[in-house]
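Since the structure of chain A is already known, use the hints to place chain B on it.
2 protein chains.
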Amino acid sequence: MSSAAPRTTGQDQLWSVDEHLDDILATVRPLEPIELQLLDAQGCVLVEDVTVPVSLPPFDNSSMDGYAVRVADVAGASEEFPAALEVVGDVAAGQADLLHVGPGQAARIMTGAPLPPGAETVVPVEWTDGGLGEGPVTGMRARALSPDGAEGHVQVYRPAEARAHVRAKGSDVRAGDRALEAGTVLGPPQIALLAAIGRATVRVRPRPRVVVMSTGSELVQPGGELGSGQIYDSNSFALTAAAIDAGAIAYRVGAVADDAVTLRSTIEDQLVRADLMVTTGGVSVGAYDVVKEALSYVGDEDEPGSGIEFRKLAMQPGKPQGFGSIGPDHTPLLALPGNPVSSYVSFELFVRPAIRTLMGLDDVHRPTTTATLTTGKALTSPKGRRQFLRGTYADGAVTPVGGAGSHLVAALAHADALIVVPEDVESVEPGTEVEVVLLG
Amino acid sequence: MSSAAPRTTGQDQLWSVDEHLDDILATVRPLEPIELQLLDAQGCVLVEDVTVPVSLPPFDNSSMDGYAVRVADVAGASEEFPAALEVVGDVAAGQADLLHVGPGQAARIMTGAPLPPGAETVVPVEWTDGGLGEGPVTGMRARALSPDGAEGHVQVYRPAEARAHVRAKGSDVRAGDRALEAGTVLGPPQIALLAAIGRATVRVRPRPRVVVMSTGSELVQPGGELGSGQIYDSNSFALTAAAIDAGAIAYRVGAVADDAVTLRSTIEDQLVRADLMVTTGGVSVGAYDVVKEALSYVGDEDEPGSGIEFRKLAMQPGKPQGFGSIGPDHTPLLALPGNPVSSYVSFELFVRPAIRTLMGLDDVHRPTTTATLTTGKALTSPKGRRQFLRGTYADGAVTPVGGAGSHLVAALAHADALIVVPEDVESVEPGTEVEVVLLG
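Chain order of the listed sequences is A and B. Oh and the first sequence: position 69 is 69 in full-length UniProt numbering, straight run, nothing missing. Oh and the second sequence: position 72 is 72 in full-length UniProt numbering, straight run, nothing missing.
Bound-form chain A, shown alone (with noise of 0.2 Å):
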């Protein structure tokens, strides 16, 4: 490696921030397929068509409380002419051994139990007197304190037609069905049937373990004492907590100091754990940008997917980004920019795609919208850089907070969308349509 300084060609080559994009989610593929306990596999995608191994219901059962009878035997039923039946004794949900509903005969059937032999039809248990006599009743006696309940006899006050208050076998879904497609995310209704289906696991694409670094010697952990000089870390807190937020396992690493050989072993030993490595901090162009240093080490050049590349975007903020991938298992790595907005703004175009384009999801960006700009003044924007506004988004309309400058954390903490002044804009008045990127 020279170790003279770069030098001006002319221009530099400056990537756009669609070129950058596309060369990450190029670069970056889904994680291989694993099988998971259902409630591990929620908000991952499934990677399998899954069959339906047995009918839903799996087999005729009851929707109501009530008493399963034969159809002709309440035929012409009502309160004044009941039909009175013999009651043989209680179906439950899960009994295994059912008992048979003869001529005149009623069993007492609870919602879910199966349809008994002989039964054809249920009869609510509000159409009957419950056995007691005395008219219309609103529900039974627990079998607990009225173990007779099942015995006697029941009168009926309404006919019922065949299969009336009884779910079909099958009525749900049928053996051989597919329940659902691969490429389904697996949300609690998923799950749900998978579960209804008797799926304890099931194969999906599994949440990206990400790995947050910042880097700086300036960097304080909050609650210490910040020294002359010194700033708290704030970017491994942001970034680790957008991380879970677009769906990963985070692990924040505490800040590296700026050292090129302590951040290079730092970084190898934490790939044991990373499918996606961040840093932020030490790409720009400084004497002590660490990160780009100690990965510019790393590329071999007959070792293909094993080099960081550090880029200049024409983007505000964000300017310098490295990306590539690192180590015997080329891990994707994005080496952000060090200030807070410009790391987050970073994070959010570049590293939240890359980690739903690793969940195999099809839908990786944020959504963005189109806003009427609400402000007191014009806009202004660098020439042939595509700027990122905090703004704060409402029916339809934005607004700025906060200015330009890539320190502001505090206006970040306060917007909810980011402006987009595409690069060959220079100014926007007020009441212009603006691009929106709408953070959720």
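Hints are supplied without guarantee of correctness; some may be wrong.
Because identical chains cannot be distinguished in the list, a pair is counted as satisfied if it fits within a single copy or across any two copies.
In silico lysine-lysine, DSS-like type, Cα no more than 30 Å apart, as pairs [as the list claims (entries may be wrong)]:
{"id": "1", "residue 1": "383", "residue 2": "312"}
{"id": "2", "residue 1": "169", "residue 2": "377"}
{"id": "3", "residue 1": "383", "residue 2": "169"}
{"id": "4", "residue 1": "312", "residue 2": "169"}
Worth flagging that the hints you see were computed from the coordinates, not collected in a lab.
Just chain B, lined up with the frame of chain A:
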């Protein structure tokens, strides 16, 4: 307790959906705040106004990699007639001992490093020869590779105004400013700000611990073998996932058999880790409705807040519901019906708002919108009941998925919205505008 079967008194009292919800929201109180580590507080609601203890930035610092100089020394500088200055050393970020920049001198300065005494402005390295004497450069050589870079002379090709590329102390936030207000939900940018002002911990309402328990002797855990009359437990999985989705820490208890003593002791066991308990099944009018049976013993008239009330709601699905509180801490408990769709819809309507109320969030409900009903034939709905049908929503239109049956889990898994049919509507024609709850 009377063991008489409940009798019909003309008409059962029906609670409306809104009455039941109002009762829940009037009873459930936000959890007591606790001090949490920043990253543990993600997604939580701040309960204190946070004041800035030290200005950000804490000192004037450079926004560029370049040279700290005096204004007069670079006045009139150009590529043709550069200003030649003596380089007196480096000022790196985090450096405590600062050199003094005198007339005719320059200090190499890094982004974020304090402006050294004597210096009045910063010229970016790209406006200089980087000390090489060979025209403009694009960056500095790494200090580690070229330790003599901080010595010798530098040529500066452009003038700089006073305090150019200098971020003033306090230009982000000033000591004594309010950083964040009580009530703020802590996302990544808010965590960034808290870390930046040195807060390691913060006072928030914690995530509620929600214990989810399904009941039913017919339930088999997914992965097991179904016997006669048995089905798989899906509710405990679905609602645990839904509780996590709502922001809770959720504990899934395996399905409990229909035995009041066992259920009662399981609930008492679990109370120690519950801020909210959710059960499914056993709340209707059958003889084996064990939740109702077990929890009806709980209430002590002299002990407020320790009883569960079982109700019928003017709602489909989800008519039978229980709500109240239990145990020495009056832990709120929602007893949902056992049909998978009933329990899921009940969760969305009642448990999710309860969880979000415990978190102290203002916004406890799912978003709703109106949509055009897209379907081949009219929807029918029982009179006097608010019906929640499953549907898919896109671009202002909603299409029903599956039927009204509360056992249709497969359809639920393909829905992303609930179609609301009001109590007084019995039929909805295609093309009608309907209210929709977005589950997304």
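Query raised in the report: Can you tell me if residue 312 and residue 169 fall within 30 Å by alpha carbon in one copy, between copies, both or neither?
Result: The answer is between: 28 Å across copies meets 30 Å, while 63 Å in one copy does not.
Query raised in the report: How would you classify residue 383 and residue 312 at a CA-CA limit of 30 Å: within, between, both, or neither?
Result: within (15 Å within a copy, 66 Å between copies)
Report task. Since the copies are identical, ignore which copy is meant and state whether residue 383 and residue 169 lie within 30 Å (CA to CA) inside a copy, between copies, both or neither. Result -> Classified as between; 28 Å across copies, 68 Å inside a copy.
Requested in this report: Could you place residue 169 and residue 377 in one of the four classes (within, between, both, neither) given a Cα distance threshold of 30 Å?
Outcome: between (68 Å within a copy, 25 Å between copies)
The structure fails none of the hints (numbered hints given earlier).
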